[in-house]
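Line order of the protein sequences matches chains A and Z.
The opening position of the first sequence corresponds to residue 1 in the working numbering, with each subsequent residue numbered one higher.
The opening position of the second sequence corresponds to residue 1001 in the working numbering, with each subsequent residue numbered one higher.
It is possible that some hints are incorrect.
[To be verified] Straight-line alpha carbon distances no greater than 20 Å define the calculated PhoX-like cross-link-like pairs of lysine-lysine that follow:
#1 A:Lys57 to A:Lys69
#2 Z:Lys1052 to A:Lys97
#3 Z:Lys1052 to Z:Lys1068
#4 Z:Lys1077 to Z:Lys1060
#5 Z:Lys1049 to A:Lys97
FYI, nobody ran anything at the bench for these hints, they're computed from the structure.
What follows is the residue order along each chain.
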Amino acid sequence: EAQVTQNPRYLITVTGKKLTVTCSQNMNHEYMSWYRQDPGLGLRQIYYSMNVEVTDKGDVPEGYKVSRKEKRNFPLILESPSPNQTSLYFCASRRDKSYEQYFGPGTRLTVT
Amino acid sequence: GNSVTQMEGPVTLSEEAFLTINCTYTATGYPSLFWYVQYPGEGLQLLLKATKADDKGSNKGFEATYRKETTSFHLEKGSVQVSDSAVYFCALSTGNQFYFGTGTSLTVIP
């Protein structure tokens, strides 16, 4: 089954404790992205990747890092999480820039 | 810059009512336009898309037409069902980046 998976689905952590949210897709897609969803703000793009080892900033990259060492994986790293990063995070992938995005189920992160 | 503005919600309709959710955009170049739907506890799913001016996207009874002259991409459905209750997002893509509206929550009551 074609899908985008994210782990964990729920995470509660404390300020400053490094964490990684994993994202994996099994569709051999070139493009992958991370978004955060906040009430009243919709989805905002954090980072995107056009291929292995090629990443770029989206609208809200501050406080986040990403890597794309393999085509199928695109982890989101929060080196020192802060409460304003409490949000619902979505990973997405697409075949190339002309195609639709497929979204993962989301990761709800709470930073206390 | 690029941005999407969509109708504020929430919207509550009776079953079989007509639905319109307004969406306007600002973009450089010639973006592709999308409507995504999000059911409770799930990720976004593509509902329909249009890639150039005057294209009409349609799916599951929903329609939207890419209007370059009014920079709009309004979502319509002639007769909504309870199962259409969800949050709807308008979005544009310039290639590498996507820009989403704030979402419109729709509740359809029997």
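Verification of the supplied hints:
1. A:Lys57 to A:Lys69: 17 Å, holds
2. Z:Lys1052 to A:Lys97: Satisfied, since the Cα-Cα distance of roughly 14 Å is no more than 20 Å.
3. Z:Lys1052 to Z:Lys1068: 9 Å, holds
4. Z:Lys1077 to Z:Lys1060: 9 Å, holds
5. Z:Lys1049 to A:Lys97: Between Lys1049 (chain Z) and Lys97 (chain A) the Cα gap is close to 13 Å, so the pair holds against 20 Å.
Of the hints listed earlier, there is not a single one the structure fails to meet.
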